[in-house]
Each structure stands twice: as structure tokens, then as C-alpha cells.
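One letter stands for each residue in the lines below.
2 protein chains.
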Amino acid sequence: MKKLLVVYAVMLCLFFLYVYDYSRGDKTGSTEASKRPAAGSLSEKYVMVTFQSGIEYWKSGLKGFEDAAQLFNVSVEYRGAAHYDVHEQTTVLEQVIAKKPAGIALSAIDPKALNPVIDKAHEQGIPLVLFDSDAPLSKASAYVGTNNMKAGAEAARRMAEFLDGKGETAIITQPRQYNHQERTKGFEQTIKQKYPNMKVAAVLDGKGDELTSKKEAAKILEKNPSIKGIFTTEANGANGVARAVKAAGLEREVCIIGFDKDKKTLDGIKSGSISATMGQDTWQMGYWSLHMLFFSNHHLKQERPLPAAIDTGITIITKENVAAYYAND
Amino acid sequence: MKKLLVVYAVMLCLFFLYVYDYSRGDKTGSTEASKRPAAGSLSEKYVMVTFQSGIEYWKSGLKGFEDAAQLFNVSVEYRGAAHYDVHEQTTVLEQVIAKKPAGIALSAIDPKALNPVIDKAHEQGIPLVLFDSDAPLSKASAYVGTNNMKAGAEAARRMAEFLDGKGETAIITQPRQYNHQERTKGFEQTIKQKYPNMKVAAVLDGKGDELTSKKEAAKILEKNPSIKGIFTTEANGANGVARAVKAAGLEREVCIIGFDKDKKTLDGIKSGSISATMGQDTWQMGYWSLHMLFFSNHHLKQERPLPAAIDTGITIITKENVAAYYAND
Numbered sequence: 001m002k003k004l005l006v007v008y009a010v011m012l013c014l015f016f017l018y019v020y021d022y023s024r025g026d027k028t029g030s031t032e033a034s035k036r037p038a039a040g041s042l043s044e045k046y047v048m049v050t051f052q053s054g055i056e057y058w059k060s061g062l063k064g065f066e067d068a069a070q071l072f073n074v075s076v077e078y079r080g081a082a083h084y085d086v087h088e089q090t091t092v093l094e095q096v097i098a099k100k101p102a103g104i105a106l107s108a109i110d111p112k113a114l115n116p117v118i119d120k121a122h123e124q125g126i127p128l129v130l131f132d133s134d135a136p137l138s139k140a141s142a143y144v145g146t147n148n149m150k151a152g153a154e155a156a157r158r159m160a161e162f163l164d165g166k167g168e169t170a171i172i173t174q175p176r177q178y179n180h181q182e183r184t185k186g187f188e189q190t191i192k193q194k195y196p197n198m199k200v201a202a203v204l205d206g207k208g209d210e211l212t213s214k215k216e217a218a219k220i221l222e223k224n225p226s227i228k229g230i231f232t233t234e235a236n237g238a239n240g241v242a243r244a245v246k247a248a249g250l251e252r253e254v255c256i257i258g259f260d261k262d263k264k265t266l267d268g269i270k271s272g273s274i275s276a277t278m279g280q281d282t283w284q285m286g287y288w289s290l291h292m293l294f295f296s297n298h299h300l301k302q303e304r305p306l307p308a309a310i311d312t313g314i315t316i317i318t319k320e321n322v323a324a325y326y327a328n329d
Numbered sequence: 001m002k003k004l005l006v007v008y009a010v011m012l013c014l015f016f017l018y019v020y021d022y023s024r025g026d027k028t029g030s031t032e033a034s035k036r037p038a039a040g041s042l043s044e045k046y047v048m049v050t051f052q053s054g055i056e057y058w059k060s061g062l063k064g065f066e067d068a069a070q071l072f073n074v075s076v077e078y079r080g081a082a083h084y085d086v087h088e089q090t091t092v093l094e095q096v097i098a099k100k101p102a103g104i105a106l107s108a109i110d111p112k113a114l115n116p117v118i119d120k121a122h123e124q125g126i127p128l129v130l131f132d133s134d135a136p137l138s139k140a141s142a143y144v145g146t147n148n149m150k151a152g153a154e155a156a157r158r159m160a161e162f163l164d165g166k167g168e169t170a171i172i173t174q175p176r177q178y179n180h181q182e183r184t185k186g187f188e189q190t191i192k193q194k195y196p197n198m199k200v201a202a203v204l205d206g207k208g209d210e211l212t213s214k215k216e217a218a219k220i221l222e223k224n225p226s227i228k229g230i231f232t233t234e235a236n237g238a239n240g241v242a243r244a245v246k247a248a249g250l251e252r253e254v255c256i257i258g259f260d261k262d263k264k265t266l267d268g269i270k271s272g273s274i275s276a277t278m279g280q281d282t283w284q285m286g287y288w289s290l291h292m293l294f295f296s297n298h299h300l301k302q303e304r305p306l307p308a309a310i311d312t313g314i315t316i317i318t319k320e321n322v323a324a325y326y327a328n329d
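Quick mapping for you: the protein sequence lines, in order, are chains A and B.
Going letter by letter, the first sequence gives residues 1 to 329 in full-length UniProt numbering.
Going letter by letter, the second sequence gives residues 1 to 329 in full-length UniProt numbering.
By construction, these hints were calculated from the structure, which means they are not laboratory data.
Please note that a few of the clues may not be correct.
Same chains, same names: a pair is fine if it fits in one copy or spans any two.
SDA-like cross-link-like pairs, simulated, lysine to any residue; straight-line CA separation at most 20 Å [as the list claims (entries may be wrong)]:
| id | residue 1 | residue 2 |
| --- | --- | --- |
| 1 | 150 | 305 |
| 2 | 139 | 315 |
| 3 | 59 | 273 |
| 4 | 99 | 43 |
| 5 | 150 | 136 |
| 6 | 150 | 181 |
| 7 | 194 | 313 |
| 8 | 59 | 304 |
| 9 | 185 | 149 |
| 10 | 139 | 314 |
| 11 | 59 | 305 |
| 12 | 100 | 124 |
| 13 | 246 | 53 |
| 14 | 270 | 116 |
| 15 | 192 | 164 |
A quick note: this is a predicted structure, and the numbers were derived from the prediction, not measured.
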């Protein structure tokens with residue numbers, strides 16, 4: 001009987017504990033619900049679509065995409081055209097849309113050719129943001145990336161500083177891609193408007209490729225010995241140009257400004273063969289792309305459009321600050 | 001004894017229920033934690049700071065700020081200079097910083113004068129984003145609002161459409177505020193570059209006030225009868241200009257393009273006295289300001305900067321689509 005009473009007492013304690021916990025849990029439960037606005041499920045899949053999908057350049061953007069996905073408890077998939085090929089990217093995008101993902105982040109290889117497929121995603125209610133390279137006339141929800149006009153203008157200002165405001169320059173770019181068109185335009189306009197003793201003597205096609213960039217740089221340096229500076233708008237260009245400049249025996253006589261933070265470019269800045277590079281925050285592009293797609297599905301829904309654009313900013317990397325950019329992303 | 005056994009049995013049941021619930025709670029607990037990235041606490045306070053703080057214009061932005069705060073379970077406070085007075089706004093901002101809030105969203109009355117105080121917030125580790133009107137040389141984390149150069153350029157294109165690409169125009173603006181400077185510049189540059197038969201004949205100061213805008217419009221219309229269009233860059237301007245145009249007996253002879261979606265402006269568009277207005281998405285400005293401040297504190301922390309800017313986009317509102325904008329925000 002005594003034993004039973006002890007058990008009784010213990011049970012009574014546990015009962016009150018239970019009641020207490022239950023009521024507390026209830027309260028917490030409702031607070032949790034209001035506190036849990038950003039919870040997705042792992043069956044919710046967001047797809048990143050690129051081109052030249054194997055290059056190092058996309059890694060940091062994909063990391064940002066994945067980091068945001070982890071935060072929101074959703075899944076991601078990485079797809080892309082293996083080559084620099086608009087038809088291949090169109091096919092990949094068609095395949096992705098057919099699977100009805102929760103959202104798509106696309107870097108468009110061409111500012112117009114993909115519009116019908118982008119618009120198809122829109123019509124099917126699949127949120128799609130463009131990142132890095134825009135297709136401004138498509139029905140995509142938003143653009144996330146560098147303000148490329150601004151970045152080109154800033155590159156021109158730096159070039160003018162390096163060249164003391166005088167001399168001929170050349171641009172090596174990818175003339176079919178919108179972001180590269182904008183960088184080129186920003187550079188050209190700034191030189192024209194602000195530096196009367198400077199000139200953009202040539203705009204060349206580096207095809208997003210180190211070797212082509214090297215060849216184009218070699219040709220223009222031979223043809224026009226007045227070239228004192230080369231701005232290359234694309235990640236693989238700077239090292240190609242640096243090799244051409246070295247081969248021509250013009251090291252430290254031709255100023256090179258590159259784009260992006262590839263290891264070879266950073267190495268060139270460290271060694272002095274490249275003067276500067278325009279560092280994009282590609283992690284942010286991926287992070288905020290997923291972020292906007294997620295909020296478009298969960299909180300803004302059909303009622304609110306996404307913002308037109310997120311400018312992820314630019315950092316100018318020179319010998320002074322290059323150390324901080326190794327392994328930063 | 002029988003009674004005791006019943007009680008015993010009931011207690012036993014409750015005990016198992018308790019254990020079951022406890023273990024379930026535990027499991028949910030950990031899932032919740034991973035699923036609950038965006039949970040703040042109500043003691044976390046975000047402050048919106050404006051000027052002319054009583055005007056209708058800020059309401060929708062504040063609603064966006066509040067909506068995001070509710071989503072993330074944090075608190076907001078609304079502060080501002082009652083008048084259009086840079087010293088008053090500086091004092092208010094100083095007071096807000098002294099209370100060490102979790103974050104500040106500021107619309108800067110002046111693009112330079114507030115920089116020392118903005119930078120103080122930065123040095124104290126208080127995230128601060130500028131919304132609507134930027135202070136681009138400050139150490140603020142980001143800008144959230146309309147791309148005002150683009151908006152001014154678009155207003156110029158619409159004006160050219162209304163005037164068949166010919167005639168003189170005037171701008172009524174707030175010349176000290178950065179967003180209005182940008183709108184003015186975008187309008188002027190576009191007219192100059194694209195419409196050789198058009199001209200911006202005068203840029204006037206409406207002081208953000210309907211009556212001053214009316215007076216300035218009346219003066220310029222009397223002085224220069226060639227004026228065929230007036231672009232007013234500020235919310236209170238369009239109705240003032242419409243009243244001046246009516247008083248001068250020039251209704252439907254002078255095209256008015258306004259800015260923002262105040263009721264009086266929408267009424268003017270409905271009745272035909274105002275041709276169009278550039279609709280900003282002020283709700284988005286508030287929403288994404290809080291959004292970025294919150295993520296800056298919770299997930300990006302010191303390790304990652306915020307994006308440089310969020311362009312909240314623009315919609316052109318004319319007689320055709322004005323109905324949709326009543327009570328939309």
C-alpha cells in the first residue's frame with residue numbers, strides 16, 4: 001500500500017508535468033507557426049540553369065543557391081548546357097520546365113533567343129529569375145546580378161587612372177551576351193564622355209575562352225602598337241590576354257583589367273601581370289536568386305511581383321587587396 | 001482500493017501519453033529548428049525613419065515594412081522628421097541610433113548631409129539600408145527603391161509619345177533630394193539624346209508641396225506659353241500642376257506626368273486632367289528593406305555584405321489601367 005502511494009505520487013507529479021508541458025507546447029506551437037515563415041519542404045526543388053556548365057565560374061553562385069536552399073529546407077538541382085551553345089541551353093531549359101520545378105534561376109546565354117522558353121515558364125506559373133546575364137525583354141520575374149553598365153564604367157575609370165588619362169584601349173568581350181554588351185557599353189561611354197585623350201580602338205570577340213582571348217589580344221597588339229590597355233569583360237579573358245602581352249614582350253607596358261575572381265586572374269594580379277579585376281559577388285547572385293524564388297512561392301505568392309532587380313555589387317581587386325580574395329568563396 | 005487502481009490506470013495512460021508526446025516534441029523540435037531559419041523575437045526592433053512623416057506617401061512603405069516584420073516575428077517603430085528639414089531628420093536619426101535598434105531603414109532627405117550619422121550607425125554595427133531616396137556615398141549597407149534614372153527616362157519617353165515628339169517641357173522637382181535629381185537627369189538626358197524636337201525649358205523647385213508646385217507651374221505657364229508638357233518628380237506635385245493648368249484655362253493642352261500613386265493623382269488620371277503617373281512600388285521598398293535588415297542580422301551576419309541595391313521597379317499608370325491602382329496598397 002505504501003509502495004502504491006509512492007507510485008501514485010510519482011504519477012501525479014508526471015501528470016502535472018504533462019499538463020504543464022502540454023499547455024506550454026500549445027503556446028509554443030502557435031508562436032512557432034507564426035515564427036516559421038520560411039519553412040519549405042525537401043520535395044520543393046529549385047533548379048539553376050547555366051551554360052558552359054562545367055567551368056569554375058559557376059561554383060560560387062551555386063554555393064549561394066545551395067546555402068539559401070539549406071536555410072529554407074528546400075532542394076536544388078544544377079543543370080546547364082555543357083557548351084557555349086544557345087540551342088543546347090534552350091533544350092535544357094525546356095526539359096527543366098517540363099518537370100515543373102518550384103522555381104528556376106537562369107543565366108541566359110543570349111538576351112533574346114531564350115525569351116519564348118522563359119515566357120513559357122512564366123505562363124505555367126513557375127517563378128523564374130535571371131541571374132548574372134539578363135534577358136530584359138522576357139517575362140522573367142526579376143534579374144539578380146551585377147549592374148553591368150556601372151561595372152563597365154568603373155573599369156573605364158580605373159583604366160584611366162592606370163594610364164594617366166591617355167592612350168588607346170581595346171575591349172575583349174562576348175558580343176552576344178547581354179551582361180557583356182552592358183559592360184562594353186559602360187566602358188565605351190565613360191571613356192567617350194570623361195576622357196578626351198583616351199579611345200576605345202577595338203572591340204573583339206574572345207568567345208568566353210582563354211585561348212581565343214589570347215589570340216585576339218595578340219592580333220590587336222601586333223596590328224595597333226598604340227594599345228596601352230585591354231579590358232576583358234569575361235572571366236577567362238584576363239589570363240589569355242596576359243599570356244599574349246607576355247609573348248609580345250609588352251609586360252608591364254599594357255595595362256590589363258579583367259572580370260571576376262578566377263584563380264588564374266588573382267594569380268596574375270598578385271604577380272603584377274594583370275592590373276585589376278572587377279570582382280562580382282557571384283555567391284550573392286545564387287543566394288538572392290533562391291531567396292526571391294522561395295519568397296515568391298511562399299509569402300508574396302501571385303499577389304505581389306518580385307522586385308525588378310537586385311544589384312549584387314562589384315569590388316575592384318588590385319595588388320593591394322588581392323590576398324583577401326583567395327578562397328573567399 | 002478499487003478507486004485507487006482506476007486512478008493508477010488513468011495516471012499510467014497519461015504517463016505514456018506524456019512520454020509519447022515528449023519524444024515526439026523532441027523530434028519536431030529539432031526539425032522545427034532546421035525549418036525555422038527566419039525566426040526573430042519581438043524584442044528585436046527595426047525602425048523606419050522618414051521626413052514629412054505625416055504624409056500619405058509613406059503609408060504603403062510602412063505597411064510593407066510591417067508585413068515583413070510580422071512574417072519574421074520582429075517589432076517595428078516608425079519615426080521621422082515632421083517637416084522637410086534636414087536638421088530635424090539628422091536629430092531624429094541620432095536619437096534612433098542611440099537606442100541601438102536591430103536595424104534602420106532610412107529615406108534620406110539629402111544625399112550628403114546625413115552621411116556622418118549614417119556612417120555612425122555603420123560603425124556601431126547597426127545595419128542601415130536606404131530606401132526610396134539614396135545617399136550613395138554613405139556607408140549604408142544597401143539601397144532599396146526605384147531606379148530613378150530609369151524612371152525619369154521612361155517618363156520622357158511617355159511625354160514624347162503624348163506630345164508626338166515635339167514641344168517644350170518643364171520639370172517640377174525637389175532639387176536637393178537624390179532620387180529627384182536622378183529622375184530629373186533621366187528625363188533631361190533622354191529628351192536631349194532621343195527627341196531633337198523637344199526641349200526641357202525649365203527645372204523648378206516644387207518643395208515637395210502641392211501649393212508651391214501649383215505656383216511654380218502657374219509662373220512658368222505664364223512666362224513661357226510654349227510649354228506643352230510638365231513632368232513633376234514628386235508625389236504632391238501633379239495635382240498642384242493640374243490646378244495651375246486648369247486655372248490658366250489650358251486643360252488638355254498641357255500634358256502632365258506625375259509620380260507616385262496618391263489618391264488625388266489617380267483621380268486626376270481618371271478625370272483626364274493628368275496624363276500619367278510613374279507608379280512606384282513603395283510596399284516593396286518597405287518589405288525588402290526589413291527583409292534585408294533581418295537577413296543581415298540573422299543569416300548573412302558580418303560575413304556577407306548585403307546586395308548593393310534592390311530596384312523595386314516602376315509601373316506607368318494611365319487612364320487605361322488606373323482603376324486597378326485604387327486601394328491596391
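Against the structure, the hints:
For a Cα distance limit of 20 Å, the shortest separation of residue 150 from residue 305 across copies, 18 Å, qualifies, whereas the shortest one inside one copy, 25 Å, does not. Only between protomers do residue 139 and residue 315 lie at most 20 Å apart by alpha-carbon distance; the minimum there is 15 Å, versus 30 Å within a single protomer. Proximity of residue 59 to residue 273 under the C-alpha cut-off of 20 Å is found in neither arrangement, the shortest distances being 25 Å within a copy and 54 Å between copies. Taking identical chains as interchangeable, the C-alpha atoms of residue 99 and residue 43 lie at most 20 Å apart only when both belong to the same chain, with a minimum of 13 Å there against 43 Å between chains.
Taking the shortest alpha-carbon separations for residue 150 and residue 136, both the intra-copy value of 16 Å and the inter-copy value of 13 Å come in at or below 20 Å. In this homomeric assembly, residue 150 and residue 181 come within 20 Å of each other (Cα to Cα) both inside a single copy, at 12 Å, and across copies, at 18 Å. Proximity of residue 194 and residue 313 under a CA criterion of 20 Å is satisfied in neither setting, with 23 Å inside one chain copy and 29 Å between copies. Taking the shortest alpha-carbon separations for residue 59 and residue 304, only the inter-copy value of 17 Å comes in at or below 20 Å, while the best intra-copy value is 31 Å.
Both within a single protomer and between protomers do residue 185 and residue 149 lie at most 20 Å apart by alpha-carbon distance, with minima of 7 Å and 17 Å respectively. Taking CA atoms no more than 20 Å apart as the test, residue 139 paired with residue 314 passes between copies only; the shortest distance there is 15 Å, against 26 Å inside one copy. Taking identical chains as interchangeable, the C-alpha atoms of residue 59 and residue 305 lie at most 20 Å apart only when they sit on different chains, with a minimum of 19 Å there against 29 Å within one chain. Only within a single protomer do residue 100 and residue 124 lie at most 20 Å apart by alpha-carbon distance; the minimum there is 8 Å, versus 46 Å between protomers.
Taking identical chains as interchangeable, the C-alpha atoms of residue 246 and residue 53 are never at most 20 Å apart, the minima being 30 Å within one chain and 61 Å between chains. Taking the shortest Cα distances, residue 270 and residue 116 never come within 20 Å of each other, neither inside one copy (44 Å) nor across copies (35 Å). Taking the closest pair of Cα atoms, residue 192 and residue 164 come within 20 Å of each other only inside a single copy of the chain (15 Å); across copies the shortest separation is 31 Å, beyond that limit.
Violated hints, in rising order: 3, 7, 13, 14; the structure is consistent with all others.
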